[in-house]
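Same order as they appear, the protein sequences are chains A and B.
Residues 1 to 236 in the working numbering are what the first sequence spells out, letter by letter.
Residues 1001 to 1296 in the working numbering are what the second sequence spells out, letter by letter.
Careful, some of the hints might be misleading.
Derived pair list, reagent style BS3-like, types lysine-lysine, alpha-carbon separation capped at 27 Å [as the list claims (entries may be wrong)]:
| hint | chain 1 | residue 1 | chain 2 | residue 2 |
| --- | --- | --- | --- | --- |
| 1 | B | K1279 | B | K1010 |
| 2 | B | K1252 | B | K1287 |
| 3 | B | K1182 | B | K1252 |
| 4 | B | K1287 | B | K1241 |
| 5 | A | K101 | B | K1279 |
| 6 | B | K1287 | A | K101 |
| 7 | A | K75 | A | K132 |
| 8 | A | K101 | A | K37 |
| 9 | B | K1252 | B | K1279 |
| 10 | B | K1287 | A | K217 |
| 11 | B | K1252 | A | K132 |
| 12 | A | K101 | B | K1252 |
| 13 | B | K1241 | B | K1279 |
| 14 | B | K1241 | B | K1252 |
| 15 | B | K1241 | B | K1010 |
The set of hints was computed from the structure by calculation and includes no laboratory data.
Given the structure is predicted, the values throughout are model-derived calculations rather than measurements.
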Amino acid sequence: MDTLNPTAEAVRFDLSETTVRELNQYLHHELPGSGAKHVEVLNPNGRHNLAVGVDAPVSIDIRGHAGYFVGGMNKLAHITVHGNVGWSVGENIMSGSIRVKGNASECVAASGHGGLVVIEGDASSRCGISMKGCDIVVGGSVGHMSAFMAQAGTLVVCGDADPGLGDSLYEAVIYVRGTIHGLGADAREEPMSDDDYARVANLLERAGFDHDLQEFKRVASARSLYHWNADHHQEY
Amino acid sequence: MCGIVGLLLKNPSLNGQLGQLVTPMLESMSERGPDSAGLAVFADTDRGEKYSLFAQDADFDWDALERALDEALVPTPRIEAQGRYARLYLAADPHTVRHWFEEHFPALHILSAGHFIDIYKDAGHPADIARRYGFPALTGSHAIGHTRMATESAITPAHAHPFTAGEDFCLVHNGSLSNPYKIRRQLERKGIRFETDNDTEAACRFLEWRLRDGDSLEDALSQGFNVLDGFYTLLMGTHDKLALVRDPFACKPAVVAETDDYVAIGSEYRALAHLPGVKEAMLFEPKPEEIYSWTR
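Okay, chain B solo, but in the shape it has when bound (with noise of 0.2 Å):
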C-alpha cells in the first residue's frame, strides 16, 4: 500500500496556494505509507537550469560544493540550502552536472533536474518530512506527492518516491511490477543507469526513454502498458502535464476531483476532502487501462 496525490492549479491564481493546499493531502495519505515521502513541485514558470541535491551526510559543507563548482565547472553557481537538502541553480549542460557529480561529490543525490522542477522526499513519517522541508509554504502550477510503505526494497530517502529521470520529469506509484528486473536488463544495455534497485525506477526511466525518445506523454504510457507488467497507479508530471494511469486490473485505487480552478488526485477520497468546492467537484474515478492527462 502506498498513497499518491497530485494537484495540478487552472486557476493561476491560487499558485501562491499550491503548497497549503497540497500538504494536507500527503498528510491524509500517512496511513497508506508512513515510512517515507516525497514531493515534486512544477514552478509555474522557465527558472533556469536547477537540481534538487540531498546530502547523505548530515553536516555536508554546502559552501564547499559551491566553492568547488565555482572553480570546476561555471562561475557563481547559487545555492539555497537547508539541512541535508539544497537547490542549485547551474547554467551548465546536465549530462556534465552529473558526471561532475559522480566524479567528485558521490554522496550527493540528485533528486532531480530541470528548469521546472524540485523533487524534496526522504525516509519518515510524511508529516515530519513536510514540516522538515516547508512543504506548505511552496509554490507552482502543480505537484506529485507519495507515501510510501515499502514491500519490495529498502526504506531510504533514495527509494522514497516521487522517482525522476531526465529533466523536468517525475512519476510517483502505488503498486509493484513484477518484472522491474527485464525492464532494467533492457534499459542497461541502451546506456541507461539506474540509481537504486526499486522496481518503480525501472517504470519512470522506461517512460523517460520513451519521452526522450520523441513519444508523446500519451504514446510512452501506451508503450507502457505493452511492458509494465503488475499492479500499478501511476501519477507522473512533466512542466506543464499530469498524467494518471492505472493497470489493467485496475488493483490500486485512484480517484480525481475536478473543478474549475483544480484537478486534484488521490488514492482516497479522504486525501480530496479538504479541498475548497470539492463538494461540487466533478468526481469519478479513472478506468483500468486508460490514460488521463491534464495541461496547465
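Extracted from the complex, chain A is given alone in its bound form (with noise of 0.2 Å):
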C-alpha cells in the first residue's frame, strides 16, 4: 500500500488499489493524533460506505460517484465528494459537514443529528428522512417525502418539491425556494418570520447559495398528528 505518503500535503487512497476496509480503518485508527489534514480518495466507483465513522478534523476529498452511507455517522470531518452519491449519505451525521458536488439519491442525512450536508445537485426521495437536528441544504430539487418525520433541525431545497413534502413533521423546519409539489400530512405552509429569513440566510451562506431571501417559503408541522387524541378514533 503506498497509499500513506507523510511527506505529501494530503493522504491518498486509489481505490482501484485498495480496499475500503484499509481506508476506514487508517480514518479511524491512524489518522487521529498523525497530524493529518487532509485525505483524498481516488477511484471510489460507486463503492459503499466511504469514510464512514470518521471521527477527527479533516478534511476528506472523494473525487468521483460514491455509493451508499458516504460519510454515515460522521463527527468533525469535512468530506467533499466530487460526484454523485447513492442511498444514505450522512446517515446519521453528529458534526462536520458532507459536501456533494453532484446528485444524491434518496434518504440524505437520515438520522443526523447535527452538522451540515450540502447536495449542490438534486436530491432525491426522503431527503432529511427522521433528522435530527442536522442541516441540509439542497442546490437543486428533492424527492418525495422529503423530512418524513423530520424531528429537529432545518432542510433548505433551493429547487422544488416533489409529493408529500414533510409528512408527519416533529420540528424540523422545510425552506422551499421553488414549487411544493405536494405536502404530506401534518405539514403546512407558514408565514416567514424575521427568525426564519435569517435562519435561511445563515445556511445558504455556509452552503454558498445565493438567493432572493422572499423567495423561500416555510413549511412546518400543524402538530395535529403526534399529539394523541384517543377521540379521532384512528382518523386522521
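Two chains, two frames, a set of hints: combine them into the complex.
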C-alpha cells in the first residue's frame, strides 16, 4: 500500500488498488493524532461505506461517484464528494460537514443529529428522513416524502419539492424556494418570520448559495398528528 | 434485496460486445443477489421461432429430443445444447410446442420463446453462472440481467429471474409483491397458467396478458400501477424495448446512465462504473410511479 505518504500534503487512497476497509481503518485508527489534515480518495466507482464513522477534524475529498452511506455517522470531518452519491449519504451525521458536488440518491442525512450536509445538485426521495438536528441544504430539488417524520433541524431546498413533503413532521423546519408539489400529512405552509429569513440566510451562506430570501416558503408541522387524541378514532 | 441490470445499445456497432459489457454489470450486483442469476438477451434481427430450454436432469439426452421432435412435430429442428441448457430453433406454433413439451418432456423447462429473446438462468453465484453459460460472448441489441437474493420462494433455476410469458417478453424484479396470489387467481380464471409460486411471475404474466390484449407497454404498466401492490423496481424487455418502473414509494433502487451509444440501468452505480464513457453519461434516478422506456 503506497497510499500512505507522510511527506505529501494529502494522504491518498486509490480504491482501484486499496480496499474500503483499509481506507476506513486508517481514518479510524491511524489518522487521529497523526497530524494529517487532508485525505484524498480516488476511483471510488460507487463503492459503499466510504469514510464512515470518522471522528477527527480532517478534510476528505472523494474524487468520483460514491455509493451508499458515504460519511455516515460523521463527527468533525469535512467531506467533499466530487460526484454523485447513492442512498443515505451522511446517515446519522453528528457534526462536521458533507458536501456533494453532484446529485444524491435517497435518504440524505437520514436521522442526522448535527452538522451540515450540502447537496449541490438534486436529492431524491426521503431527503432528511427522521432528521434529528442536522442541517441540509439542497441546491436543486428534492424527491417525494422528503423530511418524513423529521424531528429537529433544518432542510433548505433551493429548487422544487416532490409530493409528500414533510409528512408526519415533528419539529424540523423546511424552507422551499421553488414549487411544492404536495405537502404530506400534518405539514403546512406558514408565514416567514425575521428569524426564518435569518436562518435561511445563514445556511445559504454556509452552503455557498446565493438566492433571494423572499422566494423561500416555510413548511412546518401543524402538530395535530403527533399529539395522540383518543377522540380521533384513528381518523386524522 | 436483489440486483437488476439492463443495457440497450443505441449504437449497433457495439452489438457484438453486448455480453462483454453486460457481464461485469451483472457480476457487480452479486452482493445484492448471490443465490441465483439470469440474463435475457435480445438479438438485433429476427432469428425465427426459437426457444431457450433448461433440463432438470444434468445428463439430459438432447439428441433424443431432436429425434422426437423430428418425428412428431416438424422435420429438421435445430438444437444447440450446452450442458443443461439448449437453444431450439423450431418453425412451429408456440402454443402447440408448449403443449407437446408438457406432454412428452415435462422435465424440460421452456425459459423463453420468441424470435429475438434468449434466456439463461440458474441457481448459484452470478459469476459462476456467467461463466457456465458464456455470458461475455453473447451478442445482441439489448439485455436484462438479475441477481437474486430469495426472500419469498425457493432457490431453484425456475425461481430465478428473468421471468417470461408469451413471446419476446421478459421481466426482472427487485422487491416483493403483497398481492401475487390475488393477481394469480384472477389470471388463472382467464386460463393463464403459472409455472412457479414466485411473486414476480404474477407481475410478469399480468403485464404479458395486458400486452397480448392489445395494450402498449406503457398502457400495460399504467394498469400495473393500479394492480401491483408491494415494493418493486421492474425492468422489462420486448423485442425492441426496455422499460423501467419503480413503485409509488420508490422502495427499491435504480440508476440510469444514458450516452449516445447506450442506455444502462443498474440497481446501483457500481453496476455502471466500468462502462465506456459513463463518467460523461447523463446519470439520473427514475422517479416513483413513472414509466421510462427506451427503443433500440
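Verification of the hints:
no.: 1; hint: K1279/B <-> K1010/B; in the structure: 18 Å, holds
no.: 2; hint: K1252/B <-> K1287/B; in the structure: 11 Å, holds
no.: 3; hint: K1182/B <-> K1252/B; in the structure: 22 Å, holds
no.: 4; hint: K1287/B <-> K1241/B; in the structure: 19 Å, holds
no.: 5; hint: K101/A <-> K1279/B; in the structure: 14 Å, holds
no.: 6; hint: K1287/B <-> K101/A; in the structure: 21 Å, holds
no.: 7; hint: K75/A <-> K132/A; in the structure: 15 Å, holds
no.: 8; hint: K101/A <-> K37/A; in the structure: 21 Å, holds
no.: 9; hint: K1252/B <-> K1279/B; in the structure: 24 Å, holds
no.: 10; hint: K1287/B <-> K217/A; in the structure: 24 Å, holds
no.: 11; hint: K1252/B <-> K132/A; in the structure: 24 Å, holds
no.: 12; hint: K101/A <-> K1252/B; in the structure: 24 Å, holds
no.: 13; hint: K1241/B <-> K1279/B; in the structure: 24 Å, holds
no.: 14; hint: K1241/B <-> K1252/B; in the structure: 22 Å, holds
no.: 15; hint: K1241/B <-> K1010/B; in the structure: 11 Å, holds
Hint violations for this structure: none, all hints satisfied.
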